[in-house]
Amino acid sequence: MRVFAKRRKRFLGGISVLLVAASAVAALSVSGAQARSSAGELKGAGATFPAPLIAVWQQRYEAAKDVKITYNPIGSGGGITAITNKTVDFGASDAPLTQDQFSACKGCVQLPWVLSATAVMYNIPGAPNNLRITGAIVADIYLGRITKWNDPKIQRINRGFTLPNQTITPVYRSDSSGTTYNFTSYLNTAKPEWKSRIGKGTTVNWPAGVGARGSSGVSGVISRTEGAIGYADIAYALKNKLKFFSVRNRAGNFARPGLVGIKAAAQADRKFSPTNELSIVNPPPGKRFRKAYPICTYSYVLLRIQSEQAALLKPFVTWALTSGQAYGPALVFQPVPKYVVDRGKATLRRVHP
Amino acid sequence: MSVAEEQVSGPATFKRRGRFRPGDAVLYVVTLLAAISGVVLLTLITREVLADAWPAMDRFGLKFLTTQAWDQNKELFGARSFIFGTAVTSFGALLLATPISIAIALFLTELAPRWIRSVVGPLVELLAAVPSVVLGLWGILVLGPFVTGTLEPALHNALGWLPLFGPARPVSSSMFAAILILTIMIVPIVSSICRELFLGVPSELKDGALALGATRWEMVRGVVFPYARAGIAAAMILGLGRAIGEAIAVTQVIGNSVAINADLFAPGDTLASRIAGQYQGADTALQLSSLVYLAVILLVFSLVTNIMAQIVVRRVAGRHQV
Amino acid sequence: MEADQNASQIFRTERIGRRKLVNRLVEVAATVSALLAVAVLVLLIGSVAKRGAGAISIDFLTKTPVINTGFGEPQPSGIANAIVGTAIIVGLAVLMALPVGVLTAIYLNELAPPRVASVLTLALDVLNGIPAIVIGIFVFVFLVVGHGQTAWKGGFALAILMLPIVARSTQEVLALVPSSLREASLALGAARWRTTLSVVLPQAVGGIVTGATLATARVAGETAPLLFTSSLVADDIRTNPNEALESMPMFIFKSAEQADPALHEQAWGAALVLIAFILITSLLARAFAARSRRRLLGER
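Residue numbers (this note's numbering), protein chains in the order written: chain E, 25 to 377; chain S, 9 to 330; chain F, 3 to 302.
These aren't lab readings, by the way, just hints derived from the structure by calculation.
Over 10 Å on every C-beta distance to chain S, these chain E residues come out as not near it, computed from the model:
hint, residue
1, Q83
2, G150
3, T186
4, P353
Straight-line distance between alpha carbons at most 20 Å, and here's what the computed EDC-like set of lysine to aspartate or glutamate pairs gives:
hint, chain 1, residue 1, chain 2, residue 2
5, E, K265, F, E267
6, E, K224, S, E83
7, E, K369, E, D293
8, E, K172, S, D271
9, E, K295, E, D366
10, E, K89, F, D238
11, E, K267, F, D262
12, E, K92, F, D237
13, F, K22, S, D215
14, E, K92, F, D238
15, F, K65, E, E86
16, S, K82, E, E217
17, S, K82, E, D124
18, E, K219, S, E83
19, F, K22, S, E226
20, E, K89, E, E65
Ideal placement from N, C-alpha and C gives every residue a C-beta, glycine not left out.
Excised from the complex, chain E in its bound form (with noise of 0.2 Å):
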């Protein structure tokens, strides 16, 4: 009998155990579910191309409203799916929606808050930096055409410095990316049988070399990798200290993707589409753009019209339209113009909760 009683105890001991571990947990969840400290909260989900600039935000803005913002850099993909499963309250990419992605998000509209230049990186050991590059070349390196680095169309452009023989790896993004969006977008004007055989779009089907996920996951194996080749926002580039080309412009000077470059560029496209669409890729020759980086890009925000958290989000976005600019030439992004600032705040009239 007293064996039987000692069992029970047991028994008993070892459930309560269980439920003290289980109420510690419920605890813990409840607690949780309650009100945040800060005043405010908004999630966004997007594009790694801004998410250098989005970081600063972050910080200024709590700082300044008590708002906390949460933004997860997966990939312009992941952001419009994000904004469209309503997962988040904004998203973010570089390539702007499709007819398709708008009827499928039901109620959503973009507009463009930063503007940046997409580099062209390399790995080359020993290399000075800038070296050149034009379009049509790196569009034969990604087609898997031209695969050494002392090839004499790069030679020949490039006299100041012996290339090695060393394998070129193309690098690409592996997810869904408005970097990717931008990118062969520029790679169609450059050259035609890229447009024709593979075109542009957030992931294509890259005939050669390796993929990688995000911009960071791109910077890390060209850092990694001998011979490499691969395309990031600038500020990955500084960021990763990896060299970058300076492109060749349908001016003919060869450019650098810096602030001059850039808003150099972004003159090519004043008018938007009906969505807010602009394109200020390969701008053309003319005295104005001298100096333009060939593929720079606007990157958008995604809303939805009808948000539950419009209060936050509009006085979020005016300020990152405005103030927030401030916070990007160190990164090299370059502050939008007027009429991108105003259309954007005319955009925004059109949210609400």
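Assemble chains S and F onto chain E, guided by the hints.
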């Protein structure tokens, strides 16, 4: 089981003859509901996955299996590259892991003194406890550079005439790296099963062979292997199933490319790895649906290997109950 | 006869030298393979320990990661949110899987007719063999699409992985409980349900806890189910199961592919914490299992 037999005779019939105990009925119903959860989940999984893959299945049909593309622009998706990648990496890993696992099992059952056995045995099983994401991390940052810097050139110099071993590539992501990581993952599984099998060989048979003058290796080849043959097959199938389903470690080291190459040092992709790679969002409904179609194919593969392993295991169990 | 001739052919003493050589080669190969496996394990754990130890600090365990903005601004960074998130997600998984698993095992072991038991056991075995990524996709299309990611959906995915393991290990423990106990209880007039709950189950508690602990250790390191259910996370400590929470495996996965070496170091540190947790839990569970098994069998 002994309990089931009890229901036919003995005290259990007390229940049927005696008063109706509502508590018994409640327990029966509650536990039955819990027990069918396995079946319910299986049905749910199959149904949901098929339903969401349906748009892609309807659009592409079985051609999906032979199309090599993952092109959102042309709205063309196909699984051929990934089926190829899955086959190459899984069978490659199995090819490497089987002899190593059998050798380890032999070492632990025939060769090692007891104290080594008790140290090395748990260590090998410990390898199975390492999470795949940690193996992938190690694969990217430690194994990858070693493979590119040392292994690939060595293999190319020695066996470069085979199209499998092309020139060493500077990038560390490749199918070869995935094969190595998968090998590390399935060796503990296969070797622990083989170890159990070899321990189960009746010692009279082994001693008999040794008494006839066989060397230890001849004994193993002539007695242990034939006896354990079916079990080794089951272990290999289980290991293969594990390799087919591994997503995380593979996607970290394989390079995520849609190309099909004979060269093992080229990047590639597998079914599980491609699904994992697109987790952040598919742009279009068709792309998501194609992704789930890949999951359907993966599910079929793993179900087939699982059921094959079950059949072999049950046949082995039946035979050895003599 | 033939067999004798063959036997004497094989075991002819003139060829003994060659046979001994082959034997020796095989022995060496076996030893080398085993040592190779051990070497890989040592290298692996060694890498994690060496590279991760540098990252471990009180700050690391209690602070949260802040994205390294701009160029080289020092930021406090740690994995506190990942640790808390994993605790909550895995805790929810255990809450979901343990009762169902134990009840399943009770049914299969104590109450089911043998035909039914074998079918249901087969279903559980098949469920066990489904890759974690497929389970993740299933929960994604079943629960997440259109509704959003939450920690409890991640816990649910992990629970599906745990269920067959818990059910199987509980079954094994229940089978170890001597049938004489059951018979005695029934003979004394106790109802079936009474017998199961008050006599059989208490004996098995030790084994159930062990099985649950081992399943937890295994599932704590799973990344694939969480990719689709709990990956869009905030970077401070959250405890609400109704939103997506960061987890250790996801943190390692995301940090591993970044370019920043500082993030790599954090990934190693998190890997060290994760492996330490899994190893210590597994070892404790196994030691406890051995002890309770001995006690159970000793009381026969």
